[in-house]
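J.: Going line by line, the protein sequences match chains A and B. Sequential numbering of the first sequence, starting at 1, is according to UniProt numbering. Sequential numbering of the second sequence, starting at 1, is according to UniProt numbering.
These aren't lab readings, by the way, just hints derived from the structure by calculation. Hints should not be assumed to be uniformly reliable.
[Unchecked claim] If you want a taste of the chain B side facing chain A, the calculated C-beta under 8 Å gives, among others:
| no. | residue |
| --- | --- |
| 1 | G63 |
| 2 | R88 |
| 3 | F176 |
[Said to hold, decoys possible] Below 25 Å or equal to it, Euclidean Cα-Cα: the simulated DMTMM-like pairs (lysine to aspartate or glutamate) are:
| no. | chain 1 | residue 1 | chain 2 | residue 2 |
| --- | --- | --- | --- | --- |
| 4 | B | K59 | B | E87 |
| 5 | B | K117 | B | D189 |
| 6 | A | K138 | B | D86 |
| 7 | A | K142 | B | E113 |
Each residue gets a CB set at the ideal place from its N, CA and C atoms; glycine is no exception.
Protein chains: 2
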Amino acid sequence: MPTLYHHWLSPAARFIRVILAEKRVDIDLREEREWERRPAFLALNPAGEVPVLVMDDGKAYSGTKAIAEYLEEAIPEPALLIGSVDERYEIRRLIGWFHTKIGTEVTRLLVSEKLHKRIYGIGVPDSTAVRCAAHNLKTHMKYITYLVADRNYLTGKYFTMADAAAAAHLSVIDYFGDVHWSDWPEVKDWYMRVKSRRSMRSLLQDRVPGIRPPVHYDNVDF
Amino acid sequence: MPTLYHHWLSPAARFIRVILAEKRVDIDLREEREWERRPAFLALNPAGEVPVLVMDDGKAYSGTKAIAEYLEEAIPEPALLIGSVDERYEIRRLIGWFHTKIGTEVTRLLVSEKLHKRIYGIGVPDSTAVRCAAHNLKTHMKYITYLVADRNYLTGKYFTMADAAAAAHLSVIDYFGDVHWSDWPEVKDWYMRVKSRRSMRSLLQDRVPGIRPPVHYDNVDF
Chain A
1 MPTLYHHWLS PAARFIRVIL AEKRVDIDLR EEREWERRPA FLALNPAGEV
51 PVLVMDDGKA YSGTKAIAEY LEEAIPEPAL LIGSVDERYE IRRLIGWFHT
101 KIGTEVTRLL VSEKLHKRIY GIGVPDSTAV RCAAHNLKTH MKYITYLVAD
151 RNYLTGKYFT MADAAAAAHL SVIDYFGDVH WSDWPEVKDW YMRVKSRRSM
201 RSLLQDRVPG IRPPVHYDNV DF
Chain B
1 MPTLYHHWLS PAARFIRVIL AEKRVDIDLR EEREWERRPA FLALNPAGEV
51 PVLVMDDGKA YSGTKAIAEY LEEAIPEPAL LIGSVDERYE IRRLIGWFHT
101 KIGTEVTRLL VSEKLHKRIY GIGVPDSTAV RCAAHNLKTH MKYITYLVAD
151 RNYLTGKYFT MADAAAAAHL SVIDYFGDVH WSDWPEVKDW YMRVKSRRSM
201 RSLLQDRVPG IRPPVHYDNV DF
């Protein structure tokens, strides 16, 4: 069985978990605290970051988008990069958008403040960062609202890697209780559809010692 | 003719320029100072970053890797993402490696210190950042040395997007005169091969007002 080195609240690792689950690949999950820079882990990925996927033949795959593209080529069904050249471009643009923009402006700030600093004691808490993240999140929720108007999923009728990327980030932000769902009914409808997928199930059952998610966190109907 | 919004010393824009030139697409280059956040440019790319490619039908493409994958699908020949599933994975992993690792640890520091601060007067110069970049560059030169041992190009016999990504960064670092080529003979051999490609020509002829590159900068044989 392939092994995925991950961390519970790493949106990049969650993105790959959703793709693997959509493609019905069962995996062994191994928690890796990348900040400890464990030599055996650095040997798998010199960048020292999760996710790293080790396949049954022992070959290690790293780099979030490189892993995602690899999985789409190695296990084409069900396809998660679908449609015309332009539609596939749009899916990849959104994957980049979520991983870089919402990643830098929201998720990384929250994980750093609420997990690394408060729970693991790495660094000094900074409440401005949390306020910034809350402010930036509004822009992204507006953007998702615009994307899902008249659509089931972010780029059209079907679930794609763009939805997996957005859900990976939103599920982490929601774990901290930082999404005010009642303000964003269209995003909530989309996220209910995403949450009801089998591929989200294991991920929504994870619990990080020391932080409890809000009650609605793993409810499909919330 | 398509238009590419770029900045002279943006490695991401250089990466796309090399791909376009390899695929024999002539373009109009338009300089965009992304930090000025010009509304018409933000309308093309809400992320506000170069490169943005506007095709003849007016459609705008943004997100560096999304543009690269789009070009490979829209204009398949000559192919720049070649080989088996595993070889294509390795090309994509290296694209990610160069854009994130060498990008964050070297190029961004140098562009910020030597271009934005000294030439455009944005922010206060910080000589530690330049020393850090020089130190980090050594690790990356060692890594490229390891990759090109017994190979013409980074992933094998042929020039791929991985070479384009590495050359985009190294050409910017070299513009500032920060590569000590005599210490890295294998990397120099590889870079000579890359520089001799037609696709590198226009890029090596760019000059930024206020900074002159070293004499060897655009010499193929240096």
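J.: State for each hint whether it applies.
T.: Do the hints match the structure? See the list:
no.	hint	result
1	G63	holds (4 Å)
2	R88	holds (7 Å)
3	F176	violated (24 Å)
4	B/K59 - B/E87	violated (31 Å)
5	B/K117 - B/D189	violated (33 Å)
6	A/K138 - B/D86	violated (39 Å)
7	A/K142 - B/E113	violated (35 Å)
Hint check: violations occur at hints 3, 4, 5, 6 and 7; the rest are consistent with the structure.
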